Each structure stands twice: as structure tokens, then as C-alpha cells.
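Undergrad: Now for the letters of each chain:
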Amino acid sequence: MAKNWTLVKRQGALRARANILQAIRLFFIHEGYFEVETPHRIPAPAPESHIDAVPSGSWFLHTSPELCMKRLLAAGYEKIFQICRCWREGERGSQHTPEFTLLEWYRANSDYLGLMEECEALIQRVASTLGLSETLRYHGQTIELSPPWERISVDDAFQRYAHIPMKKALAEHCFDEIMVEEIEPQLGRSKPTFLYDYPAERAALARLKKEDPSLAERFELYIGGLELANAFSELIDAEEQRKRFLSEQSYRRSLSKLSYPLPEKFLKELEAMPPAAGIALGVDRLAMVMLDAHTIDDVVAFTPEEL
Amino acid sequence: MYTSADLKKGLKVVIDGDPYVVTVFDFSKPGKGQALYRTKLRNMITGIAIERTYRPGDTFEPALLEEREMQYLYKEEHIYHFMDNQTYEQITITEEALGEASHYLKENLNVKVLLFTDKAIGVDLPNFVNLRVIKTDIWVKGDTSGSDSKPATVETGYVLRIPPFVQEGELITLDTRTGEYSTRVKE
Chain V
4 MAKNWTLVKR QGALRARANI LQAIRLFFIH EGYFEVETPH RIPAPAPESH IDAVPSGSWF
64 LHTSPELCMK RLLAAGYEKI FQICRCWREG ERGSQHTPEF TLLEWYRANS DYLGLMEECE
124 ALIQRVASTL GLSETLRYHG QTIELSPPWE RISVDDAFQR YAHIPMKKAL AEHCFDEIMV
184 EEIEPQLGRS KPTFLYDYPA ERAALARLKK EDPSLAERFE LYIGGLELAN AFSELIDAEE
244 QRKRFLSEQS YRRSLSKLSY PLPEKFLKEL EAMPPAAGIA LGVDRLAMVM LDAHTIDDVV
304 AFTPEEL
Chain B
-13 MYTSADLKKG LKVVIDGDPY VVTVFDFSKP GKGQALYRTK LRNMITGIAI ERTYRPGDTF
47 EPALLEEREM QYLYKEEHIY HFMDNQTYEQ ITITEEALGE ASHYLKENLN VKVLLFTDKA
107 IGVDLPNFVN LRVIKTDIWV KGDTSGSDSK PATVETGYVL RIPPFVQEGE LITLDTRTGE
167 YSTRVKE
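Residue numbers (the numbering used here), protein chains in the order written: chain V, 4 to 310; chain B, -13 to 173.
I should point out that these hints are in silico values taken from the structure, not numbers from a laboratory. Only true hints are included.
Some chain B residues judged to face chain V by a derived CB distance under 10 angstroms, without partners named: (1) A(-9); (2) D12; (3) P16; (4) L22; (5) Y23; (6) G43; (7) T169; (8) R170.
Label pairs and their computed distance ranges (CB to CB): (9) V:L17 x B:D2: 44 to 50 angstroms; (10) V:L133 x B:E63: 47 to 53 angstroms; (11) V:E102 x B:R147: 26 to 32 angstroms; (12) B:N96 x V:R95: 28 to 34 angstroms.
Since we're looking at a predicted model, the values are computed, not measured. All C-beta atoms, glycine included, are put in the ideal place defined by N, C-alpha and C.
Could you build the full structure based on these sequences and the hints that come with them?
TA: Put into C-alpha cells, the structure is as follows:
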């Protein structure tokens, strides 16, 4: 039997991936975080309009470790991180596999601006561990990693790159299409970009801005047009959180999507959560950027189709 | 009817009365946003490519194409000649209409010719075809310095990357869906 050529070819990428995981752990340990593991199989994922959980018996595989990690925060765990597999039904493309690896970290008494700086430091550390310089090559682009990285609000990004303003895109229900076709390809081209301050309805678990409650303190990190991470200043008002979950639930019902029970234990303990910020970063995508991979298939041991 | 969940490379649908084939397909999802299906489609008659983004639930009329078993005979300028295996009737297809399929057309290869309202507009290839490597760099056994693949030209003129151990003159199997090397054929 001949060797599986695809796997033979992938060895370099998988070794680099192992180094990336190692570098992430060292970074967080050095920063005073500790690593936690929370269950992959849970009874009640956060109801979000466009994220579908995979059923597992009468429970679900988690779509991210967010709710469990916030319960730890609420119990006084101030700096925690986790690297784990997550599952999202139906997500498959050159940047998606339905099972993937997320890095999440949470920090009490911080906000989304603090997380931006941690992103800058973490990704620079990962790049230097891999022996890459301050400059990344990704899909023909040369991207400088030296901080500060570009910061642009969603509203400004629409002004600069889209053919209509953000408010109009929301009213005409084409926000996502414009984001994908006109804005994302322009982000993180010469430096990584933080796209921040999303419309409130696009951030079910984020805190709203004091000075403008139509916006949420949420950002996404892009490198070379690829979305790498999503972060919030966390919403800690349990009553408001329940309202938002109910509204997401009714939206899901209107689309005949699977509905989940409300995560009651999370909602109860949220009352005790300190002000905090949290972020989810796609480790597969980080590997893609570091290795200038053509697709996500190049940085995983097996794609679903290969199983 | 197809829905956007059926979209994949190679799917054939009717848009504004013309048959189109999906040439590039990707799933996309801007953070916390809805799933979007981004496609490039090629008009199977004119060869002109268009880009479209679809949402979950969008529907498509399948392009119903007649398929006839034919043998590829030869190429003249940019025109490819085929013969119907049953009627011995000969037909031609332009290089534009063939698209990437022209990379794999070796004389005497049996293919399915596609007809839309009786006009030949393209071919459906076997998933795997064998082609001979006519040009590639020599590899010295035991050489560990080099990269994990090298460029090679096959007899149709198509250039692809192959493992270093494959030598000029050898027969290889290509996956026509991806255009990539699959295995070496032992003769």
C-alpha cells in the first residue's frame, strides 16, 4: 500500500501547527493566565442567530466554550484560557471546517481595547517562535506585524470600502454580503486590522457602548482579509442577556432552526461576573496565516471528506 | 430545484435561460453573520464568467444537459474534435467552452459530451485520467534537501506539481476534479 501522499505533504504544516499551540500556551502562562478545560458536550448552547450547534444525544456539542468559561470568570477565575475543539453545523469552505480549534481567553477588569493589545503581543510571539520575522507573507500580501495595528470602526470601514453606508446596509439587509464582498478583502492587507464597534444587533453577548448604545464593544481581527478572532467587552447584565437570548431564539424559530433550552445556570451566575473581556481566535486560521496556506485543508490533519 | 446547500464545484444551473457551471465555490460567514455561498459561474455557451453570492434557501433551476458518449479525436487550432461512439457523427467544441477539461484530453479518451438544446457545449470527464509526464526535473534518490514537490508537464501540455520521486516518462493518475496529482501508475 502506497503512503497517503496528502498526509506526507502535510507533515511540515502539522509540525508548525504543534509549535503554534506550544507558543500560545507559553504566552498565556507567562502572562499569568491558567489553562482550563470545560466540557465539549453541553445541554444548552448560547442561542445565536447564525451559529448552529451539532446535536449529541439530547445535548449538543459546544460551538465555543464561552458560557462555561464565563461561569468560571463569575466564580472569580480572573485570567483563563482554553484551546479546544468546537463544532458548527454546516460550516465548510476554504476557511471553515465544521470541527475546528478555538483559542478563547477571558480577563476580568479589562475591555475590548485591552484585548487588542494582547492580540498584537500574542501573534507576534507566535510568529517569532516559528522563526518568522516582523513581516508575514500571506496570499501575495506583505503584512507588517509591528504594533500598533490598524484600528477602524465598522462604520468607517463602510464609508471607506463599501458602496453604501452601514446604516443603509442594515436597513436593506445586505450587511453580510457587503462585508464579505467589499470590506473583508480590504482588511489587514499591510498591517493586521481590528474592525471594531459593531451594530448592537450583531453582538448578542457584548456590552453596548455607553456613549452610543446602537453600537456594541465588539471587534474582529483580520489578517490578509482573513477573519481570525472575535472579541467583546462582555455583557454582564443578566436581565439584558436573557432578553437578547430570547430575541435570538425567536429569530431562530422564525427560520425553523433548531432551538436550544436557555442556559439558565449561566444566566444566574452572570450576575456575579466582574466587568471582563473575552475573545475567540481560530487556531486553524492562525496556522493558515503563519504558513501562507491556500486553504484550511492544508493545516489540519484530516478534513471531514478525508475521514 | 436545487437550493444553495447543493452548490458545489461542477453543479450546472440555468441563469437567465443559459446553462452555467459552478467553477469556484466557497462558503463564507462574516463574524456572527449569516452563511453566504460565494460562487463563480461560467456560462457554458459563451465561456463568460460571473460572480454571484447566494444565501441559504436560494433556489436554482438545474441545467438539463443531454450526455452522449464520445471519443476525443484531435485538436485543430483551438477547436477540439469528438466522435459519437454510437452514430460515428463528428462534432467540435471550442477551447473556451471546454475550460479546464482541455488539460486532460488525450487522444482516444472517452468522455461524455454535454449538449444543451442540441448544441455541444462541453464535456464531462472521468474523475481520474492517466497522463504521461513528458517534462520534469531529475530527482536523485536520497536527496533530502529539496522541497516536497516539483513542477511537471504532462502530454497534454498541462503543468502541475508532482512528488519528487516521479520521473520523466512515467505515467501518473490525475484527479480531474482538483487538477492535482493522485498516484503513479505502475506499468
